[in-house]
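A.B. asks: Residue-level listing of the chains:
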Amino acid sequence: MKRRTFLASAALALGIAGAGAALAEEKMKAGFVYVGPVGDFGWTYQHDQGRQAVKAEYGDKVETTFVENVPEGADAERVMTQMALGGADIIFATSFGYMDAVQKVAKKFPNVKFEHATGYKRADNVATYSARFYEGRAVIGTIAGRMTKTNKIGYIASFPIPEVIRGINAAYIHAKKVNPDVEFKIVWVYTWFDPAKEADAATALIEQGVDIIMQHTDSPAAMTIAEEKGIMAFGQASDMSQFGPNAQLTAIIDNWAPYYVERVGAVMDGSWKSQDTWHGFKEGMVQLAPYSSKVPSEVQAEADAMKQAIIEGSYHPFTGPLNKQDGTPWLKEGEVADDGTLAGMNFYVEGIEGEIPQ
Amino acid sequence: MLVLEKRKVPSRFWARATPLLAVILTMLAGGALFALLGKDPVEAVRTIFWDPLFSEFAFYYRSQILVKAWPLILIAVGLSLGFRAGIWNIGAEGQYIMGAILGGAVGLAFYPAEGWYIFPLMILAGALGGLLWAMVPAILRTKFGTNEILVSLMLVYVAENILSSVSFGILKNPQGFGFPGSRNLNDYAASANMDLIEGTGLHWGGAAALLAVMLAWGLLTRHILGYRIRLSGEAPRAARFGGVDPDRLVLICLGVSGALAGLAGLFEVTGPAGQLSPDFNVGYGFTAIIVAFLGRLHPLGILLAGLLLGLTEVGGGIAQQNLGLPSASIKAFQGMLLFFLLAMDVFTDYRLRFRREEAI
Numbered sequence: 008m009k010r011r012t013f014l015a016s017a018a019l020a021l022g023i024a025g026a027g028a029a030l031a032e033e034k035m036k037a038g039f040v041y042v043g044p045v046g047d048f049g050w051t052y053q054h055d056q057g058r059q060a061v062k063a064e065y066g067d068k069v070e071t072t073f074v075e076n077v078p079e080g081a082d083a084e085r086v087m088t089q090m091a092l093g094g095a096d097i098i099f100a101t102s103f104g105y106m107d108a109v110q111k112v113a114k115k116f117p118n119v120k121f122e123h124a125t126g127y128k129r130a131d132n133v134a135t136y137s138a139r140f141y142e143g144r145a146v147i148g149t150i151a152g153r154m155t156k157t158n159k160i161g162y163i164a165s166f167p168i169p170e171v172i173r174g175i176n177a178a179y180i181h182a183k184k185v186n187p188d189v190e191f192k193i194v195w196v197y198t199w200f201d202p203a204k205e206a207d208a209a210t211a212l213i214e215q216g217v218d219i220i221m222q223h224t225d226s227p228a229a230m231t232i233a234e235e236k237g238i239m240a241f242g243q244a245s246d247m248s249q250f251g252p253n254a255q256l257t258a259i260i261d262n263w264a265p266y267y268v269e270r271v272g273a274v275m276d277g278s279w280k281s282q283d284t285w286h287g288f289k290e291g292m293v294q295l296a297p298y299s300s301k302v303p304s305e306v307q308a309e310a311d312a313m314k315q316a317i318i319e320g321s322y323h324p325f326t327g328p329l330n331k332q333d334g335t336p337w338l339k340e341g342e343v344a345d346d347g348t349l350a351g352m353n354f355y356v357e358g359i360e361g362e363i364p365q
Numbered sequence: 087m088l089v090l091e092k093r094k095v096p097s098r099f100w101a102r103a104t105p106l107l108a109v110i111l112t113m114l115a116g117g118a119l120f121a122l123l124g125k126d127p128v129e130a131v132r133t134i135f136w137d138p139l140f141s142e143f144a145f146y147y148r149s150q151i152l153v154k155a156w157p158l159i160l161i162a163v164g165l166s167l168g169f170r171a172g173i174w175n176i177g178a179e180g181q182y183i184m185g186a187i188l189g190g191a192v193g194l195a196f197y198p199a200e201g202w203y204i205f206p207l208m209i210l211a212g213a214l215g216g217l218l219w220a221m222v223p224a225i226l227r228t229k230f231g232t233n234e235i236l237v238s239l240m241l242v243y244v245a246e247n248i249l250s251s252v253s254f255g256i257l258k259n260p261q262g263f264g265f266p267g268s269r270n271l272n273d274y275a276a277s278a279n280m281d282l283i284e285g286t287g288l289h290w291g292g293a294a295a296l297l298a299v300m301l302a303w304g305l306l307t308r309h310i311l312g313y314r315i316r317l318s319g320e321a322p323r324a325a326r327f328g329g330v331d332p333d334r335l336v337l338i339c340l341g342v343s344g345a346l347a348g349l350a351g352l353f354e355v356t357g358p359a360g361q362l363s364p365d366f367n368v369g370y371g372f373t374a375i376i377v378a379f380l381g382r383l384h385p386l387g388i389l390l391a392g393l394l395l396g397l398t399e400v401g402g403g404i405a406q407q408n409l410g411l412p413s414a415s416i417k418a419f420q421g422m423l424l425f426f427l428l429a430m431d432v433f434t435d436y437r438l439r440f441r442r443e444e445a446i
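Going down the list, the sequences are from chains Z and B.
For the first sequence, the positions run 8 to 365 when the numbering used here is used.
For the second sequence, the positions run 87 to 446 when the numbering used here is used.
No wet-lab data here; the hints were simulated from the structure.
The structure displayed is predicted, hence computed values, not measured ones.
Any given hint could be a false lead.
With a cut-off of at most 27 Å between alpha-carbon atoms, the simulated DSSO-like pairs for lysine-lysine come out as follows [as the list claims (entries may be wrong)]: (1) B:K258 / Z:K36; (2) Z:K34 / Z:K159; (3) Z:K128 / Z:K301; (4) Z:K204 / Z:K192; (5) Z:K236 / Z:K34; (6) Z:K128 / Z:K159; (7) Z:K159 / Z:K114; (8) Z:K289 / Z:K156; (9) Z:K331 / Z:K62; (10) Z:K184 / Z:K36; (11) Z:K62 / B:K94; (12) Z:K62 / Z:K34; (13) Z:K114 / B:K417; (14) Z:K156 / Z:K34; (15) Z:K184 / Z:K280; (16) Z:K128 / B:K417; (17) Z:K156 / Z:K192; (18) Z:K114 / Z:K301; (19) Z:K204 / B:K125; (20) B:K258 / Z:K331; (21) Z:K289 / Z:K236; (22) Z:K62 / Z:K289; (23) Z:K111 / Z:K36; (24) Z:K204 / B:K258; (25) Z:K34 / B:K229; (26) Z:K111 / B:K125; (27) Z:K68 / B:K125; (28) Z:K111 / Z:K156; (29) Z:K156 / Z:K114; (30) Z:K289 / Z:K183; (31) Z:K36 / Z:K156; (32) Z:K280 / Z:K236; (33) B:K417 / Z:K192.
Simulated coverage check for chain Z against chain B, where a stretch passes if three residues somewhere in it have a Cβ under 8 Å from a Cβ of chain B [claimed, not checked]: (34) 137 to 151; (35) 223 to 237; (36) 282 to 293.
Even glycine gets a Cβ: it sits at the ideal position worked out from N, Cα and C.
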């Protein structure tokens, strides 16, 4: 580590001395740590698309490296240290569970910038970022409420953390709004990426009579099952229409590319600062895949209108009156949930059956 | 034609030579695999085996090899005792988890008190957690004759679900904003399992692993129990005539391997991992099975095999980052090691003979 600080200060001295040519040859390095395989066609796949966008944008000026399938915990710490030792200038840690590892490594390498996805611990050289996926959930909830025939919608949930609970609530509120008879069946699989488990969950949901499946897991396994069984589903993180050409109604797409390009650029021109970013439809971090032709045009128009209202800020997916599951009031008529409450959301809204696992 | 002829006694030379041969063959086949992936095979193999030890940043990688190796060695030493006696504990991963949970829970129960006695109590609880979990297949086998391979393996999945449940439930960090996972045991001085010498990777789990290697060696060569274990594996009938109680041996072997796996879990959760979370376990309990066989079920061999697996793990990570190798190819590479070892084992028990086909 001593050697690295020496190198860094030497580079700085060169820069001050105006040896620009020497610096230009020194490529900027960006490292990416992935929790799943880049071929998951979901969460990690989209982060890797972001990495490739960085490469495309800056070409020879930046070198990107990634390590996939990195377990959360000690291994993440090792991989990030290895990247920092290898001369990375910025490291993107793309899973919530990397949080403590990011903090530890960031302390050891104050000159390296860290970006932690979906986390909440920041430092001078650690920024956090996430997307307002719940905006997308509100729109697909509306579509699901309009399209279901059995009035039963299945939801494959990963872990009972605020991020996931927020998604369930947003989808439920908006499905219920357009279809008061709608019912949600929620299955917890306790994994982000396990195609076999996700497929089992989808099968179990279909046996309970659902005709639309939503998921908050990373693989297209549920989409494949939906296609097989001839029901409808929404893609998650990535456009999954290749796995469910008939099943997919639309997909919530995580578009990290603009953010990654911007942050890598900020490191290059020295304007990088630690911050918390939470972008949605408006900034393009959350997008929708093209609607399937099965979605009637009036439903498409309704969905587009909601999306537009969210972009313009005239509508917030969590607008009162809303009660918590136990009937206690949460938001008054016209009141909008603040980001703090949303970030720590640990309750269902009124009407959802079942309990959040504890 | 070539024929395999059974040796009267297993060859000592081949028993020693096959692990080395397996490593060399793995390098060759792995190199071919990397070449097919369009990478320079020599560079890839060098990155995996050489860079972690001798490259510019080896000072860091060496400590990481040890951090990876300790739990493997600790678990594998325990497993090897049972494997020698023909008692197959495949569920070390579950015992590892339960040790971490029980040991971690004891530490968290004391939070935020400080005291020298807390860490030793956690160690005891860790060993107990693994021991109790291993007692389930042990008692089921001795009382009802169930198969310990299946029972211990299935209990891994039960343990994983318990881990998930406590991470979201009773052991969840009250200051964690509702996110899963316990308090960080590294940040709590009484329970932190830090490096005994800063930056070396030698934490208490390392001390325990080295101690386990020495004790197991002593047990196998100097103690009557070690003799009985070896006898039961090599000549079960003779062992029974010799007064070895097979049920007792099952309880002892599963108990010891469970306790050691539990200890490995405890040292991991208080050290490198830091907290109990749904993804705490990363397969040490299963990889340890490879380590046990690669080390010829011998304590010293296991020590070396554990270090070798740690090396490929760390080297594999570097290769992924620097050469862009997919992580699946590193796993395949490690799998080859076991494959070639088992394949080469044929030469321990058989010799290759060239025999002329007799005309009929």
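A.B. asks: Decide if the proposed pair is consistent with the structure: Z:K156 and Z:K192, CA atoms, cutoff 27 Å inclusive.
C.D. replies: Within the cut-off at roughly 15 Å; holds.
A.B. asks: Would you check the hint for Z:K34 and Z:K159, treating anything up to 27 Å between C-alpha atoms as holding?
C.D. replies: At roughly 54 Å apart (the allowed maximum being 27 Å), Z:K159 and Z:K34 break the hint.
A.B. asks: Z:K128 and Z:K159 were given as a pair; does the straight-line alpha-carbon distance stay at or below 27 Å?
C.D. replies: violated, 38 Å
A.B. asks: Check whether the Cα positions of Z:K128 and B:K417 lie no farther apart than 27 Å.
C.D. replies: violated, 32 Å
A.B. asks: Are the Cα positions of Z:K111 and B:K125 separated by 27 Å at most?
C.D. replies: Roughly 33 Å between the alpha carbons, so the hint for Z:K111 and B:K125 is violated.
A.B. asks: Z:K36 and Z:K156: Cα distance at most 27 Å?
C.D. replies: violated, 52 Å
A.B. asks: Given the proposed pairing of B:K258 with Z:K36, does the C-alpha separation stay at or below 27 Å?
C.D. replies: violated, 37 Å
A.B. asks: Run the distance test for Z:K62 versus B:K94: straight-line Cα separation, threshold 27 Å.
C.D. replies: violated, 63 Å
A.B. asks: Z:K280 and Z:K236 were given as a pair; does the straight-line alpha-carbon distance stay at or below 27 Å?
C.D. replies: Given that 27 Å is the threshold and the Cα spacing comes to 49 Å, the pair is violated.
A.B. asks: Is it true that the CA of Z:K62 sits at most 27 Å from the CA of Z:K34?
C.D. replies: holds, 12 Å
A.B. asks: Z:K184 and Z:K280 were given as a pair; does the straight-line alpha-carbon distance stay at or below 27 Å?
C.D. replies: violated, 41 Å
A.B. asks: Take a quick look at whether Z:K68 and B:K125 sit within 27 Å of each other, Cα to Cα.
C.D. replies: Within the cut-off at roughly 23 Å; holds.
Hint compliance for this structure: hints 1, 2, 3, 5, 6, 7, 8, 9, 10, 11, 13, 14, 15, 16, 18, 19, 21, 25, 26, 28, 29, 31, 32, 33, 34, 35 and 36 are broken, all remaining hints hold.
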